[in-house]
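**Student:** In case you want the letters, here they are:
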Amino acid sequence: MKFKVRGIDTFASTGGRPFDKNKPLIIFVHGSGLSHMVWVLQTRYFAFRGYSVLAVDLPGHGLSSGESLKTIEEMGNWVGDVIGAVGCKEASLVGHSQGCLVTMECVAQHPEKIKTLTLMGGASAIPMNPELLKLAEESNPKAVDLMMDFAHGPAGHFGGHPVPGLYHLNVGSMIVQNKEIKDTLGVDFRACDNYKNGPEIAKKLDLPTLSILGAQDRMCRLKDGKILADYIKNSEVKIIDDCGHMMLLEEADQTLEILKKFIAEHYPLPS
Amino acid sequence: MDPKTYKFDTLSLHAGYQPSKNAGSRQVPIYQTTSYMFDDVDHAAALFNLERGGHIYSRMSNPTVQVLEERVCALEGGTAALATASGMSAIFLTIMTLCNAGDHMVVSSQLYGGTVNLFRLTLPKFGIKTTFVKPRDTEGFKKAIQPNTKGIFGELVGNPGNELMNMPEVSKIAKEAGIPLIIDSTYQTPYLCRPFEHGADLVVHSLTKWMSGNGSSMAGILVEGGTFDWMQNDKFPSMTEPYEGYHGLSFAEEFGPTAFTMMARAEGMRDMGPCLAPQNAWNILHGLETLSLRMEKHCSNALKMVEYLSNHESVAWVSHASAPGHPDKELAEKILPKGTGSMIAFGIKGGKEAGAAFINNVKLASHLANVGDARTLVIHPASATHSQMDEATLKFAGLSHDMIRLSVGLEDFEDIVNDFEDGFRAAKKPRLVANK
Chain A
1 MKFKVRGIDT
11 FASTGGRPFD
21 KNKPLIIFVH
31 GSGLSHMVWV
41 LQTRYFAFRG
51 YSVLAVDLPG
61 HGLSSGESLK
71 TIEEMGNWVG
81 DVIGAVGCKE
91 ASLVGHSQGC
101 LVTMECVAQH
111 PEKIKTLTLM
121 GGASAIPMNP
131 ELLKLAEESN
141 PKAVDLMMDF
151 AHGPAGHFGG
161 HPVPGLYHLN
171 VGSMIVQNKE
181 IKDTLGVDFR
191 ACDNYKNGPE
201 IAKKLDLPTL
211 SILGAQDRMC
221 RLKDGKILAD
231 YIKNSEVKII
241 DDCGHMMLLE
251 EADQTLEILK
261 KFIAEHYPLP
271 S
Chain B
272 MDPKTYKFDT
282 LSLHAGYQPS
292 KNAGSRQVPI
302 YQTTSYMFDD
312 VDHAAALFNL
322 ERGGHIYSRM
332 SNPTVQVLEE
342 RVCALEGGTA
352 ALATASGMSA
362 IFLTIMTLCN
372 AGDHMVVSSQ
382 LYGGTVNLFR
392 LTLPKFGIKT
402 TFVKPRDTEG
412 FKKAIQPNTK
422 GIFGELVGNP
432 GNELMNMPEV
442 SKIAKEAGIP
452 LIIDSTYQTP
462 YLCRPFEHGA
472 DLVVHSLTKW
482 MSGNGSSMAG
492 ILVEGGTFDW
502 MQNDKFPSMT
512 EPYEGYHGLS
522 FAEEFGPTAF
532 TMMARAEGMR
542 DMGPCLAPQN
552 AWNILHGLET
562 LSLRMEKHCS
572 NALKMVEYLS
582 NHESVAWVSH
592 ASAPGHPDKE
602 LAEKILPKGT
612 GSMIAFGIKG
622 GKEAGAAFIN
632 NVKLASHLAN
642 VGDARTLVIH
652 PASATHSQMD
662 EATLKFAGLS
672 HDMIRLSVGL
682 EDFEDIVNDF
692 EDGFRAAKKP
702 RLVANK
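First to last, the protein sequences are chains A and B. Residue numbering for the first sequence follows my numbering, beginning at 1 and increasing consecutively. Residue numbering for the second sequence follows my numbering, beginning at 272 and increasing consecutively.
If we strip away everything but chain B, and leave its shape as in the complex, we get (with noise of 0.2 Å):
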């Protein structure tokens, strides 16, 4: 006897919707509305007392947000998500519902330049504190945590040089600590790793990146995993005690293992309101469709393109967890083992200069600041995502000049190979291309 509950690809379909309370619509409409009508004094006051579920102001939420909240919740795995304007705004909206001024964060040192700019400098702003670990030191996370740490946050596979944390590890190392575990799995997407069943409490995501796929749109989530017992210490008061703002509601008591969510939209959403329009949800829909088939390909096209760039002769060394002698390899194989996701990172010998070079001269690849898009991609991090860091900070998140960040897409890998040859090509000769 098995449970007939949906699996992953049906779910990336029609999870959270159902077309007969919809007009029998098959595809999920675009609610284009700011607000939504009351049955009566008794149902406005209901709703905004929390004491039954309903839509109120699409800036708290939205009938086609909710559907997309819906469907990668259940293909995480998750108890309820939170989607928001951005994958920057879901960190946001996480951090500024964990932490109160005087706390402290403990992060994971690679990660994507605009986080590690939240963390080190806006974060202190609001009183907020943290202390980076390097990826791979998975001691030294427990280290860094102090009496006011309120989380351990990371990227599982860093951006931009694809450390990886050892995140079964670092989860127990939270557990004991008393504090949840948030990961940031845009690289991964649930199709590759669904972080909850590796002891996340936690799951945020950029969902313009491959979660969409079409690169139309910007979009994060905040998931929760339901596995967090708030109430196990009395580090969290804003969810265990009476809340002011819903007459004396404690969060955690009322609403368990949904709690951190529903505070993030009640308290977050109401009083910052980082909304995500409904198109850029129905956007994001469109693309979660077809997730699973796009991370295949993604994947299969970037071990090959491992082995293309392990081989080339302008190319100083490659980082992706699949790669032979990747210091993660084995760890990845454990905990993404449909795959290691997309993104590659190569040193180019010839160093900045010929790096430029390069990135000038490739054609079918775009030069933008994205990843995940169907579409190959590249950049030069460190004159442009992580740009904003000093040499300290690049070093310390592990970044090099010479390092290149790759975007797999979806094109012909034949097409993709020919283009980079026209690049190296380039790079051997950068200042010719640069006197052009």
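With the rest of the complex left out, here is chain A (with noise of 0.2 Å):
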């Protein structure tokens, strides 16, 4: 649905139910350069099991108008504005890689909104190859395709992809260069890069929190990601077997089961 958010067109996917802002509320942050589009494998699921969701387009990104957000820190603020913007007072959140970043930022700057927070894929700091940020600044395509590469783990190379007949690099790849690629991957690479609060953050949150995180992973490494649910009080930790970066896509069925019994226990339907 598009709605405003700072009087700026502002387009969520609602996973194919119409939005009621008296359900309990997901919202859904996408990666950088990314789009509401990689998340469709939990979102519907949600929708139709009595949530509203919203996995959002960034300003800029995918269906948003608007100029893509500098920072992670007015990412995350801005998050915290869509919920005001829908016409409701909480939510949930769920992050993937860059969207690990806001949506812990989205805590720290509004916590009376939120009520759990899970992080798909992510690290406290996400310090980007600067070979790969040049490429990106510059629209150069090799940055997606590099990005691709490094996304996906092993199996995810070969395909294999849940939906039957999709293919995970060229559709990761196409949702990228949807837009110019130095307005939303450059930007959102660069936001990355210069965020330094991660760890402090991190440290102050206190809200259910659950980490995904794939075994495989080369955008953020396993070890990387440890370090942030170690961070984070009493944060839950699933890892997933022979997946990359991507378990949103690459192991779908898998994330869904281990966000399904999160979402069930810190934060249940209304009896």
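Any given hint could turn out to be false.
As the list claims (entries may be wrong) - Computed footprint of chain A on chain B; a stretch qualifies when at least three of its residues, placed anywhere within it, have a C-beta under 8 Å from a C-beta of chain A:
(1) 284 to 297
(2) 316 to 325
(3) 335 to 343
(4) 526 to 540
To be verified - Short derived list, chain A residues pointing at chain B, Cβ under 10 Å:
(5) Ser35
(6) Arg44
(7) Gly50
(8) Gly165
(9) Tyr231
(10) Tyr267
(11) Leu269
Everything labelled a hint here was simulated from the structure, so no lab data went into it. Keep in mind the model is a prediction, meaning the values are calculated, not measured. Even for Gly, the Cβ is constructed at its ideal location relative to N, Cα and C.
Put the two chains together into one complex, using the hints given.
**Tutor:** Shown next as structure tokens:
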């Protein structure tokens, strides 16, 4: 659906159900250069099980208007504003990759609004390879190819998409190339590279938190994901074997099962 | 720093398949089953509602067929693919997903005869009309577009006359009009050309041909490039507006670069059901393993054959984009740098009668209605593959009565030549042969 956030047209997938502000809200936040489309194998499930979901397109991404936000802090604040913009008071957050930094920032800035936090393929800092950053800021398609290479585990490189007929690397690539690379991926990579508050923010988090990590993740390595989880009080950690950074697609079923259990326990539907 | 993603030959052997998820089986297993067990009621509901990926019923998808789909998709550089029972069903499924009654297509006139009949005779029954344009008439494609036109369709190298459509230029016309360009790339395979790199949005293949090479199995496929923005205008409401069949799902919103394939499967395979048998998918996969090797030999044999035919006293003309003086030679060198394929059309002196004598007297070359087999194939289109066309349509499609369509195989070139010499000798005495 389209709605306004700070006066700018914003798009979020509602998982195929009409948005209902009276249902518990789960907001999904995508990673660098991507869009709501990466969440389709999680959002539709919750949308048809009593939740309202918003898989947002960050400003300038996917179907949202405006320019990309330049810092993780701004993005975190923007996600907090989304909650009020759709007439809700609180939400659970699910972030992937850069979306983990964004959702952590959102909790730090709007602690009263956030009930649970799920971090997929996260780390407390995501420093960028300088060459990759340069390529992205120059809109060089090679940046997307490199990102797809790093983002998928060995199994993902062969294929085996959970949805019959889809091919992992090219789907991700086309989602990123839907926009000018420097305006989305380039800006996002720079924001990740500049962001240094991760460890301090993580140490202050005090809400039910789940980290889902890929054992073969080369973008945010498993050990970095574990360090982040260690910073967070009582954080739950689930590791998916033989999976890279794109667990929400590479191992969509396992990811969904883990998320379902966590949401059911910590953010249940009203009885 | 370069990406370490797998390259073409590796993908043709490995893409789409993980042994670790299939009992360690090195070869792709044949999942000869109609249906798949659900974990519980919730799992079943989620699968039926496209909330999660997986298999329900082999009319919609099958694990063996899925490997083939991903493999071809990877080779083409596409985002998604959907295999079908034949190349014709892939085309029909594509058009039925793209168009509604009252819509219109602009289509290259030089096509396989079955495809011509589909657009000329069958689709009008569903209210879908077509304007045919000669493949070299690039401006003609633009002029033929109407407000209700939903796409441009063509074979890159037309069957059987070997005229090329200027795909990059026609793609610009399609983009300007906000409609997709659909290319039947059967003749090329992704080894010779990847149409998405030249502006196509959707690609269809008959996998029955070079992709398998073994002449054992019928199969087709639709591949999506993920390049077309279905939401750029209001021409494609079935893709962009809530779809009643899946509780108000908007395919374009939810699936973006794979929206067309998702809809073709969810609606087309559900309602029309032209599914590919897993055994056939497995046979095609075997062929794909040697695609590069075979295409190289097909092309090298074809080049020799063009030279041989061009210098033969019994041959009136030869059409192959590599031939000296072919009007599309320059374009072919640009978009088909690895070779212009193994389909040759030639005219035999003595017309239809001589052509019949030639075909009746070759022994190694097989006279049949197929192309792209590992074996050399010949046919007289006017009396076979395109025989359901009237004189005017034959002429418009670029067919003549002296035309022989040749699909050059992988045999030793000298053996093909010796066989053809027998055919040409007989063609010089057609009456004698006819009386035998």
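**Student:** For every hint, state whether the structure bears it out.
**Tutor:** Verification of the supplied hints:
1. 284 to 297: This one holds; 7 residues, not fewer than the three required, reach chain A with a Cβ under 8 Å.
2. 316 to 325: holds (count 8)
3. 335 to 343: Holds, because 6 residues of the region 335 to 343 of chain B bring their Cβ atoms closer than 8 Å to Cβ atoms of chain A.
4. 526 to 540: Holds, because 7 residues of the region 526 to 540 of chain B bring their Cβ atoms closer than 8 Å to Cβ atoms of chain A.
5. Ser35: holds (7 Å)
6. Arg44: holds (4 Å)
7. Gly50: Not OK, violated: A:Gly50 not within 10 Å of chain B, min 13 Å.
8. Gly165: Holds, about 4 Å.
9. Tyr231: violated (31 Å)
10. Tyr267: Violated: closest Cβ of chain B sits about 18 Å from A:Tyr267, beyond 10 Å.
11. Leu269: A:Leu269 check fails; min Cβ-Cβ to chain B is 14 Å, beyond 10 Å.
Violated hints for the displayed structure, listed by number in ascending order: 7, 9, 10, 11.
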